[in-house]
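Asker: Chain P is already provided as a structure; the job is to place chain Y on it using the hints.
Chains P and Y, in that order, give the protein sequences. Per the working numbering, residue 28 is the first one in the first sequence, and the count goes up by one each step. Per the working numbering, residue 12 is the first one in the second sequence, and the count goes up by one each step.
Keep in mind the hints are simulated off the structure, nothing from the lab. For each residue, glycine too, the CB sits at the ideal point set by N, CA and C. Take the hints with a grain of salt, since some may be wrong.
As the list claims (entries may be wrong) - Computed footprint of chain Y on chain P; a stretch qualifies when at least three of its residues, placed anywhere within it, have a C-beta under 8 Å from a C-beta of chain Y:
1) 195 to 201
2) 293 to 304
3) 307 to 316
4) 319 to 333
What the hints assert, rightly or not - Here are some, though not all, of the chain P residues that point toward chain Y, as calculated from beta-carbon distances under 7 Å:
5) 56
6) 58
7) 66
8) 72
9) 74
10) 76
11) 151
12) 175
13) 184
14) 185
15) 186
16) 189
17) 271
18) 278
As the list claims (entries may be wrong) - Some chain P residues well away from chain Y (every beta-carbon gap over 10 Å; in silico):
19) 103
20) 126
21) 135
22) 277
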Amino acid sequence: MSQSSNAVPSPLVLPARTAAPPRHGPGRLLERWFAAVTIAPTFVVMVLVFGLPLLFSLYLSFTGWSLNQQLLGGEWVGLANYQDLFDDPVFIGSLGITFGFTAAAVAAQLGLGLAIALLLNVDLPHMRAFRTALVVPMMITPIVGALCWKLLLDPSHGVFNHWIGERIVWLGMPGTALAAVWLVNVWHSTPYVALILLAGLRSLPSEPREAAAIDGASRLQMFRHVTLPLLRPYILVALLLRTIFEFRAFDNIYAMTGGGPANSTMVLSMFTYLTSFVRFDFSLGAAASWLMLLMSMLMCLAFIAVIRRRDAN
Amino acid sequence: MAIVTGSRRARKLQAAAVYATLAALAIAFLFPLLWVLGLSLKTRPQIFADPPLYLWWPTLEHYADVLSRADFLKAFLNTLIVSASAVLLSLGVGVPAAYAFARFPFRGASLLFFGLLVMRMLPPIAVLVPMYVLFTKLGLATTRLSVVLAYSTFALPLVVWIMRGFFEDLPKELEESAWIDGATRYGAFLRVVLPLTRPGMVAASILCLQLAWNDFLFAAVLTNNATQTLPVLMAGFSGGDSGVDWGAMTASGMLVILPVVIFSFAAQRHLVAGLATGSVKG
Numbered sequence: 028m029s030q031s032s033n034a035v036p037s038p039l040v041l042p043a044r045t046a047a048p049p050r051h052g053p054g055r056l057l058e059r060w061f062a063a064v065t066i067a068p069t070f071v072v073m074v075l076v077f078g079l080p081l082l083f084s085l086y087l088s089f090t091g092w093s094l095n096q097q098l099l100g101g102e103w104v105g106l107a108n109y110q111d112l113f114d115d116p117v118f119i120g121s122l123g124i125t126f127g128f129t130a131a132a133v134a135a136q137l138g139l140g141l142a143i144a145l146l147l148n149v150d151l152p153h154m155r156a157f158r159t160a161l162v163v164p165m166m167i168t169p170i171v172g173a174l175c176w177k178l179l180l181d182p183s184h185g186v187f188n189h190w191i192g193e194r195i196v197w198l199g200m201p202g203t204a205l206a207a208v209w210l211v212n213v214w215h216s217t218p219y220v221a222l223i224l225l226a227g228l229r230s231l232p233s234e235p236r237e238a239a240a241i242d243g244a245s246r247l248q249m250f251r252h253v254t255l256p257l258l259r260p261y262i263l264v265a266l267l268l269r270t271i272f273e274f275r276a277f278d279n280i281y282a283m284t285g286g287g288p289a290n291s292t293m294v295l296s297m298f299t300y301l302t303s304f305v306r307f308d309f310s311l312g313a314a315a316s317w318l319m320l321l322m323s324m325l326m327c328l329a330f331i332a333v334i335r336r337r338d339a340n
Numbered sequence: 012m013a014i015v016t017g018s019r020r021a022r023k024l025q026a027a028a029v030y031a032t033l034a035a036l037a038i039a040f041l042f043p044l045l046w047v048l049g050l051s052l053k054t055r056p057q058i059f060a061d062p063p064l065y066l067w068w069p070t071l072e073h074y075a076d077v078l079s080r081a082d083f084l085k086a087f088l089n090t091l092i093v094s095a096s097a098v099l100l101s102l103g104v105g106v107p108a109a110y111a112f113a114r115f116p117f118r119g120a121s122l123l124f125f126g127l128l129v130m131r132m133l134p135p136i137a138v139l140v141p142m143y144v145l146f147t148k149l150g151l152a153t154t155r156l157s158v159v160l161a162y163s164t165f166a167l168p169l170v171v172w173i174m175r176g177f178f179e180d181l182p183k184e185l186e187e188s189a190w191i192d193g194a195t196r197y198g199a200f201l202r203v204v205l206p207l208t209r210p211g212m213v214a215a216s217i218l219c220l221q222l223a224w225n226d227f228l229f230a231a232v233l234t235n236n237a238t239q240t241l242p243v244l245m246a247g248f249s250g251g252d253s254g255v256d257w258g259a260m261t262a263s264g265m266l267v268i269l270p271v272v273i274f275s276f277a278a279q280r281h282l283v284a285g286l287a288t289g290s291v292k293g
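Just chain P, with the same shape it has in the complex (with noise of 0.2 Å):
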């Protein structure tokens, strides 16, 4: 950091009132417990808005319990509610589109995304205008984004319609509603691949780049065997980090189509919100999002190996 170098105040004037630390009584344990007492206050937020619900939610998902009862009050009825999620068609169905759509987007974000920071890379003046048009989807509210999107696919005053001239309900059937999602969360976060990747592009030895120029590889050899290899770490960030994501996509699928129609854009966290919030059902609730919590955690444990990996390097 170098901006602070110039703001570091020389010990020699240390405010005088910083007395000598205390050799004896409670202050020497304080003084001995400093990383505990500053650690203590995010350890029990911690437990107490993310350790002990997921602690209830895992009891929840083996009883059946309803919001009158007592807290702890529920019937244990063992995996009987992970045998009726796997039993519903609905829930097997979003299973399925959940991983699908996942995979979907973020295949098209990481190839839209790798042509953008490319095309921000190379050595022209006003890139950075470019950039900053292309970053503004990332910041809007995931919420006025999908809305703006409704407003061009509606069916009588969109303007996607009149340009085509017909009068197609984009988000009433199946295949097109499922198809505007996905376009809606690739439009939303294709520039934080773009962005991650173009630090990566930046960060990258110009050595091995200049070595192939000089032996004649062309441009599209040096991309594929020099510039993507090197770039790999970077895209594997990227790719990690916005399928964590993607799973547990759900603003755009509400305010666009609400899981349907026909179930077509249910992924599981409408799933999970429908059965808790709207059928009030908790403890299947709970149960299904314990399977999301154990998917992602697979995902998250990717993740840290893949940072641990590129640190030791």
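Answerer: Just chain Y, lined up with the frame of chain P:
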């Protein structure tokens, strides 16, 4: 790319192709927002004009309408209170922890850090289901406090991550000389180290503010009409198809994203760092 090949003419052609592609992409990415911005500046008949108007004299009537609505102003205030409180809570709780993570390796530190990563990455709906039940039983549901607590699930990990990077970048000699001069650990942290990481705290605050401002799911479940935030109010517009007031909806939408776009650009430099929390230093 820095390596230049080909003649000057080929290079000019290449530059033109790059500019043209980027311009096309920028138009495609910005079009939905610009079109809706246009709608928000049209009168009601102009919004539904067929064929659509491409040139017109803009009107601010919908903005005047929205800004005089009690529910919009109330939601604006709620969003501001909830987001700012979440940021302050997470800074207050997370900054000291980030310092300890950076400077005082302790047993279980990496496990705790893993916990924070998981907290940030897990599907919010998974935390929300039990949270809603617990808050309802505690009488906290529909309060702003419940939303602030829920937001700490993403704000706290972000603060700890970003700030740890900033603390690690500071020279250790700073505190060490303060300790030699007789400062306690607490004194050295508060008076010597903390003032130097102000840029980090600004970056972390802006990132958390952006996430809190944009959140829909937590607020949708944990608020009612009196405590709802702007994204929840906006989602209300998407209900019935025929009854939607396009003017009010588009104008509110633009007003909701205006602040977040402004403070996101202020922190553009740090956006990637925040995204790849832990993997890239602030």
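Asker: Check the structure against each numbered hint from earlier and tell me which ones fail, lowest number first.
Answerer: The structure conflicts with hints 1, 5, 9, 14, 22, although it agrees with all the remaining ones.
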